[in-house]
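*Asks:* Take these sequences, add in the hints, and give me the full structure.
Each chain is listed here by its residues.
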Amino acid sequence: MVLDRVQSGEYSSTNELVNTAVKNLLTEERTRTNGSGRPDLRSLELAKDAPANLDWLHRNRAAYMGEWVALHKGRLIAHGKNGLDVFQSAQSQGITPPLMHRIVPEDAVSWGGW
Amino acid sequence: MPFPGAAGRLVPKLSFRVEYQYKDERGILLPVALRYADRETDFFARVDTGASFCIFQRLHAETVGIVVESGAPTRISTVTGGFVAYAHQVALGVLGIEVEATVYFAEDPAMPRDVLGQTGWLDRMRLGLVDHDRKLYLSHYDDAAEE
Numbered sequence: 000m001v002l003d004r005v006q007s008g009e010y011s012s013t014n015e016l017v018n019t020a021v022k023n024l025l026t027e028e029r030t031r032t033n034g035s036g037r038p039d040l041r042s043l044e045l046a047k048d049a050p051a052n053l054d055w056l057h058r059n060r061a062a063y064m065g066e067w068v069a070l071h072k073g074r075l076i077a078h079g080k081n082g083l084d085v086f087q088s089a090q091s092q093g094i095t096p097p098l099m100h101r102i103v104p105e106d107a108v109s110w111g112g113w
Numbered sequence: 000m001p002f003p004g005a006a007g008r009l010v011p012k013l014s015f016r017v018e019y020q021y022k023d024e025r026g027i028l029l030p031v032a033l034r035y036a037d038r039e040t041d042f043f044a045r046v047d048t049g050a051s052f053c054i055f056q057r058l059h060a061e062t063v064g065i066v067v068e069s070g071a072p073t074r075i076s077t078v079t080g081g082f083v084a085y086a087h088q089v090a091l092g093v094l095g096i097e098v099e100a101t102v103y104f105a106e107d108p109a110m111p112r113d114v115l116g117q118t119g120w121l122d123r124m125r126l127g128l129v130d131h132d133r134k135l136y137l138s139h140y141d142d143a144a145e146e
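So the protein lines, in turn, are chains Y and A.
Its first residue numbered 0, the first sequence is counted upward by one per residue in numbering that gives the first Met the number 0.
Its first residue numbered 0, the second sequence is counted upward by one per residue in numbering that gives the first Met the number 0.
You can take every hint at face value.
Output of the computed footprint for chain A on chain Y, the stretches with three or more beta carbons under 8 Å from beta carbons of chain A:
(1) 39-53
(2) 81-92
(3) 97-104
The hints are simulated quantities; they were obtained by calculation from the structure and are not laboratory data.
Fair warning: this is a prediction, and the values are worked out from it, not measured in the lab.
All residues carry an ideal CB built from backbone N, CA and C; glycine is no exception.
*Replies:* This is the structure in structure tokens:
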């Protein structure tokens, strides 16, 4: 079968065929390790909702300082000091998953990186 | 002195899969969908080219069922000190591109930052930035680089 592919002209030599096979194997291995950069509609939807969620955070930061908020399309779904409770509360309202954000005082100052 | 490329251009011309208009004036915040097994949690993370790793708050691990301390521990150093974080393998969806990555979750639930750093995210992406216009361009590294 291998020789057939060489004889049919698909590959000029068995060396070329083997090299191609090894290259494909390495590419597949890299894909398995690094992920393939698969299209992800869910995170595109998140990006679409991001301006509304950021607007909400900007407007309501002071009122919810120190709390976790669960947002969905620019609406507050749940909030509180316990993040897991907030997440589960949003889920129980059919938002799976909500966008979770903790509002902390440091967000109001410049971030110097790690 | 810059060196012209083979085509006579000084720099390569890149194309990207996504253009994103970001809003935040105190950093570049991107929405992230983090997945583990069949569970997902969503949050904003800051792009930080100076961060060695992707580092997330403990809660995000807990919401998808990850036992934080079951991962390999490492000490993350910062300008103000440091903290312990644990490595876990997750899927990260950002602006329509999903990759498998090793990320780190802070041991201390009080650690309030979420960061998309070099290993695990930036090293799988091709990133363009025009901060003047608040525009970020993104492709997976394996996408065709040039139109």
